[in-house]
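These protein sequence lines are chains G, C, E and P, in that order.
If you're matching positions, the first sequence starts at 1 in my numbering and goes up one per residue.
If you're matching positions, the second sequence starts at 1 in my numbering and goes up one per residue.
If you're matching positions, the third sequence starts at 1 in my numbering and goes up one per residue.
If you're matching positions, the fourth sequence starts at 1 in my numbering and goes up one per residue.
Careful, some of the hints might be misleading.
Said to hold, decoys possible - Straight-line alpha carbon distances no greater than 20 Å define the calculated SDA-like cross-link-like pairs of lysine to any residue that follow:
1) P/K45 - G/I266
2) C/K178 - P/P48
3) G/K146 - E/K38
4) G/K23 - G/I266
5) E/K38 - C/V236
The set of hints was computed from the structure by calculation and includes no laboratory data.
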Amino acid sequence: MVQSLVEPQSVADISSAPALYVKAYRAMLLARVLDDKFASLWRAGKIHGGVFLGRGQEALSAAIGVALREGDVFAPLIRDLAGRLAFNEPILDGVRTYLGSTLGPMRGRDGNVHRGRPGEGQLAMISHLGAMISVVNGVLFARRMKHITGMVGVATCGDGATSTGSFHEALNQAAVEKLPLVMVVADNQYAYSTPTAQQFACRSLVDRAVGYGIPGYEVDGTDLAACLRVVGDAIVRARAGQGPQLVVAHLLRLCGHGEHDDAYYIDPQLKSSALGVDCLKRAEDFLRQQSWADAGTLAQWRSEAVHQVEDAVATVQREPPPDPFTETWSVLATARLAEGNEVNARS
Amino acid sequence: MVQSLVEPQSVADISSAPALYVKAYRAMLLARVLDDKFASLWRAGKIHGGVFLGRGQEALSAAIGVALREGDVFAPLIRDLAGRLAFNEPILDGVRTYLGSTLGPMRGRDGNVHRGRPGEGQLAMISHLGAMISVVNGVLFARRMKHITGMVGVATCGDGATSTGSFHEALNQAAVEKLPLVMVVADNQYAYSTPTAQQFACRSLVDRAVGYGIPGYEVDGTDLAACLRVVGDAIVRARAGQGPQLVVAHLLRLCGHGEHDDAYYIDPQLKSSALGVDCLKRAEDFLRQQSWADAGTLAQWRSEAVHQVEDAVATVQREPPPDPFTETWSVLATARLAEGNEVNARS
Amino acid sequence: MSITYLEAIRAAQARALADDPRVFIYGQDVGAFGGAFKATKGLAKEFPGRVLDAPISEDAMAGLAIGAAIEGLRPIIEMQFADFSTVAFNQIVNQAATLFWRTNVPCPITVRLPCGATSGSGPFHSQTMEAIYAHYPGIVVLTPATVEDAYSMLLEAVVIDDPVIFCEHKLLYYHLKAEALPTEALPVGKARIAREGRDLTVVTYSAMVHESLAAAEVLHSDGWEIEVVDLRSVKPLDTDTVMGSVARTGRLLCVGEAWPWGGVTSEVIARVTCEGYDLLDAPPQRLNAKDTPVPYHPNLWAAHRPTARSIVDAARKVLQY
Amino acid sequence: MSITYLEAIRAAQARALADDPRVFIYGQDVGAFGGAFKATKGLAKEFPGRVLDAPISEDAMAGLAIGAAIEGLRPIIEMQFADFSTVAFNQIVNQAATLFWRTNVPCPITVRLPCGATSGSGPFHSQTMEAIYAHYPGIVVLTPATVEDAYSMLLEAVVIDDPVIFCEHKLLYYHLKAEALPTEALPVGKARIAREGRDLTVVTYSAMVHESLAAAEVLHSDGWEIEVVDLRSVKPLDTDTVMGSVARTGRLLCVGEAWPWGGVTSEVIARVTCEGYDLLDAPPQRLNAKDTPVPYHPNLWAAHRPTARSIVDAARKVLQY
Ligand SMILES: Cc1ncc(C[n+]2csc(CCOP(=O)(O)OP(=O)(O)O)c2C)c(N)n1
Ligand SMILES: Cc1ncc(C[n+]2csc(CCOP(=O)(O)OP(=O)(O)O)c2C)c(N)n1
Ligand SMILES: [Mg+2]
Ligand SMILES: [Mg+2]
């Protein structure tokens with residue numbers, strides 16, 4: 001009756017799918033390298049505002065990205081660089097947004113993780129936690145009205161965001177409407193400095209699934225193979241019309257909340273526990289164990305990632321910053337109603 | 001692991017507690033008579049705005065009221081007249097508020113079900129569904145800070161209100177803080193015209209409990225004995241420090257959403273099902289079966305209720321309505337900051 | 001034949017659904033039941049699958065509409081009462097209102113708010129929220145005062161590529177009638193001279209247009225000619241028409257049903273005095289609801305809001321300056 | 001020794017906790033961590049059990065505070081950023097703000113909002129929300145501009161028997177310093193003449209006080225004497241002090257960091273022109289942020305908000321009339 005346990009897996013064992021694993025691993029690696037670059041640009045004073053890393057969450061996030069197809073919709077949050085890249089976000093989008101280039105999708109208007117291309121299935125998060133999930137529902141709802149089937153939407157969030165009213169309303173809405181929403185919760189043990197004991201009192205957040213009448217799955221977020229399997233299966237089921245799916249991954253945030261935060265408060269016992277394993281390192285070990293990659297190949301992949309990142313940064317650093325004098329300062333899509341300029345002149 | 005089933009009962013069988021049963025029954029009866037009076041006053045054009053009845057929900061509501069003690073806090077919603085009366089709300093408060101008497105607790109400022117005496121543990125609902133629950137949490141939180149123990153807070157809501165973000169945030173908050181909150185959900189099959197199939201997709205709303213890590217109980221809301229037992233037990237447990245408790249009662253709304261609504265949309269099959277049983281009628285049958293009251297006693301109680309209600313209405317109808325010229329039109333408690341009059345003069 | 005304000009709203013939605021397959025309606029009880037006020041009566045049957053009941057989740061309702069708009073649809077969301085939009089506030093002002101500016105993807109949603117005080121409705125079923133939404137960039141806020149505008153502006157709201165807050169006044173639903181639906185209309189963004197006059201300009205909107213017209217009639221019997229400007233849309237706000245009128249009359253009274261602090265009346269007065277100071281022959285005045293919640297009892301309610309009588313009093317003050 | 005605006009906020013909370021056992025603090029990460037901005041640093045340790053971490057549930061945070069206030073406590077709620085208070089909006093404007101008026105039970109809660117634009121913060125970590133809250137009856141809205149006011153007004157906020165929205169400006173947190181904490185203070189509700197002058201009154205509040213003072217300095221070298229009025233509290237709004245100043249200077253410029261439609265600037269101008277029309281020798285003017293979301297990039301951000309330079313330009317226009 002209660003479907004809060006991991007169901008028997010319906011897809012083949014991951015060991016028969018090296019191509020997918022490698023694809024996901026390389027997205028993880030690229031994300032790690034790019035995140036590290038953002039952190040160093042931030043330390044050098046080249047990035048304004050916050051920098052938020054996905055360190056420790058790349059396996060979960062990449063598993064989403066590789067399972068998505070064109071036509072799907074993805075609402076990533078702050079720690080989803082790997083998933084974004086795997087779902088075809090150009091590296092340049094991230095770099096341009098962090099550096100405020102006018103050539104990026106946000107044109108210097110919004111920054112860092114608040115980027116996306118909503119017209120292409122990549123939603124651009126607003127900061128308010130929980131707020132993107134019902135937007136994904138809306139996209140799915142619209143697709144259904146247009147009789148488009150076989151596609152899914154994925155929203156992600158952390159343990160903390162599950163306490164928002166928006167999370168609840170959206171999950172319930174998806175369940176009532178039987179939308180192909182896959183909700184992926186990264187329980188990384190902290191919301192900023194707040195440990196999960198101050199955030200929820202259930203055994204595991206997967207226990208929320210039954211209350212929405214949807215299946216829920218738990219997964220070890222440090223294990224890429226497991227993430228590919230569990231996230232992949234959930235996406236397959238949603239795609240097949242089985243309604244919303246909840247995936248809760250257990251892992252540890254291996255960085256500060258943002259780069260300004262040294263995260264001194266993280267319990268050392270957690271760091272040395274199984275949750276504290278670095279998913280990237282674990283994936284490398286697995287690749288080697290399976291003989292899907294040797295040390296040389298891994299080094300080669302890393303150097304390719306570094307080059308991609310360096311190229312992107314070098315390109316963007318030559319791009320123009322926004323110019324307040326050519327900026328339209330107009331906010332409406334309906335040009336004839338734009339009193340913006342008048343008001344602005346007026347104000 | 002999942003505590004969504006009714007646990008074995010910890011209190012004695014209700015058949016050994018006729019006094020409590022009778023007390024609850026008489027509150028139900030008084031509520032029914034008073035509700036009927038409100039409806040007839042409304043039809044006669046004597047009440048402005050809406051009239052909302054608790055018909056069919058008196059057993060559940062009364063079971064709450066009789067289990068509460070002085071010092072407890074209760075946040076009733078629109079169908080809780082029985083619980084209010086059982087928890088010592090004076091009949092006059094309801095009548096005065098519906099008729100807008102200045103002598104009532106709301107002084108004509110607010111009306112109908114939006115009444116209360118927050119300083120005396122009777123919270124005055126705002127209309128926004130879900131919004132009262134965290135306020136109960138706050139009262140309980142404050143009591144704990146003052147080292148007051150052994151008291152509880154009860155909030156009620158319908159099936160529809162469980163879809164609000166506020167409901168979720170408040171239940172989770174109570175669970176995290178282990179507050180003695182008893183959340184009583186009256187699943188009366190409809191939210192206004194909306195059937196539960198459009199409201200939630202879980203088997204029963206009690207399945208939400210596990211997701212908050214709190215115990216949940218189901219009860220037949222047409223059965224006063226069961227309500228007394230299940231609600232009573234939940235309150236006993238919360239009072240004993242066992243943290244929040246969720247009670248979900250199954251029943252049917254035996255009236256329109258408000259008196260303006262003929263509720264044509266209610267499924268006739270539901271009406272003739274076990275859910276459609278009138279709890280008042282059932283309680284009367286039970287009283288007779290148990291020989292706790294005969295027809296004469298029942299008629300006597302009813303006539304006492306009718307008299308109480310008629311007296312109250314007669315009293316209030318002689319009371320003064322609010323006078324805009326003596327009304328302060330000032331909104332702040334801090335008199336020295338009240339620019340109200342100035343602004344009002346000014347505006 | 002005659003048609004009410006409410007019927008016009010229903011008719012506009014029927015026509016929008018018929019004209020454009022991208023339109024759908026989502027809200028509590030809007031389906032088979034036809035909505036708390038019957039503004040969608042019969043539409044679920046006439047347009048199967050396109051008029052849908054929502055759970056009591058205003059935040060998610062708005063979010064869903066935004067997602068559907070991203071996909072190119074044109075949702076109409078009905079809030080059961082304007083007051084309840086406070087729990088959808090974040091999605092509206094932070095998600096919908098910023099979407100186009102941030103991403104270049106338009107967000108054509110229409111949020112219908114049954115607004116305004118009616119006797120006996122009390123603090124939570126009476127609010128007008130135009131000032132709150134108009135404060136935010138990226139939102140169009142419409143406040144139709146006539147049957148014709150209720151119809152034509154709602155049709156236009158659905159066509160506009162931006163989030164539109166459509167403030168319907170509940171007091172007008174049943175009593176305000178017109179002979180027929182309009183075939184042409186002023187575009188959104190243009191105010192309307194509801195009555196011509198030479199002595200004083202009263203700028204107002206929504207239900208207060210009718211109180212102001214009644215006040216003008218009273219003052220007319222005293223020999224005063226009051227010009228009444230119906231703003232129609234409070235954002236964008238047609239400052240030009242307002243200033244044109246003040247240029248003719250030299251006097252300004254602004255009337256609004258909302259609370260005084262930061263409402264439409266202060267915005268209009270600030271614009272006119274900053275940009276058209278020399279047009280004024282007397283200090284402008286404003287009249288709003290009192291600065292308390294909207295009271296339940298009819299006696300208090302009637303004193304809380306501006307009425308023809310209090311408008312007459314305020315107008316006399318300006319006229320006698 | 002010197003103390004920053006942020007330290008003053010921390011010190012005020014420490015003193016409030018020490019002075020009154022009914023005070024407690026509740027908010028995300030305010031406990032052991034000391035808050036996202038460190039405004040509660042060390043307080044959890046100093047006052048065990050009285051500075052508590054909340055889940056990410058702003059609606060429930062506000063609701064809990066209201067319930068505790070009903071029980072006679074005096075909660076301080078920290079929103080991590082003002083922008084996130086949109087999801088607590090309903091509890092604040094409908095539950096807290098109406099409680100006393102409806103039930104005669106006061107609701108002494110203080111909601112701390114880290115407000116205002118800082119470079120690189122973008123649309124959702126930059127907002128000032130004073131106009132939104134001030135529109136509602138039943139709320140006191142404070143906007144301290146100085147270290148002294150941050151301290152004394154926060155202390156007073158906790159004592160006030162009504163819901164107080166305490167708008168702290170993030171841009172002032174670290175850079176604004178004073179020699180010591182004040183021992184006496186103007187009461188809430190009184191504006192302050194931050195600089196005396198005879199030629200023009202600039203009415204402003206929060207961080208814009210400093211931009212305005214800088215502008216006054218620039219204009220001083222041109223021979224103009226600008227009077228700067230720091231409102232301190234935008235609701236109640238000290239119209240008397242504003243009018244007294246305008247009576248002396250005859251000229252008015254209002255400067256606010258919020259969006260133009262319905263903000264403090266339009267409210268002030270409406271009041272002055274309605275009640276003190278004859279005091280003005282020139283049309284009033286106002287200067288606000290541009291009517292778009294707050295941009296992320298420093299170049300855009302700097303152009304979005306009023307600055308000393310744009311204030312000088314606006315002031316010259318009024319002076320040259
Ligand atoms: C509604 C809302 N409240 C507060 C914040 C501030 N905030 C940003 S991230 C964060 C912590 C999020 O924790 P979690 O959801 O666990 O995600 P994680 O950072 O751990 O990935 C908070 C409190 C916010 N963005 N939105
Ligand atoms: C946030 C919010 N949205 C909408 C409403 C309007 N409304 C009032 S009662 C109601 C239905 C409530 O249904 P339920 O919770 O099942 O309670 P019941 O009326 O069945 O007792 C609705 C939609 C409201 N009061 N609050
Ligand atoms: Mg987390
Ligand atoms: Mg119900």
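Which earlier hints turn out false for this structure, listed by number in ascending order? 3, 4, 5
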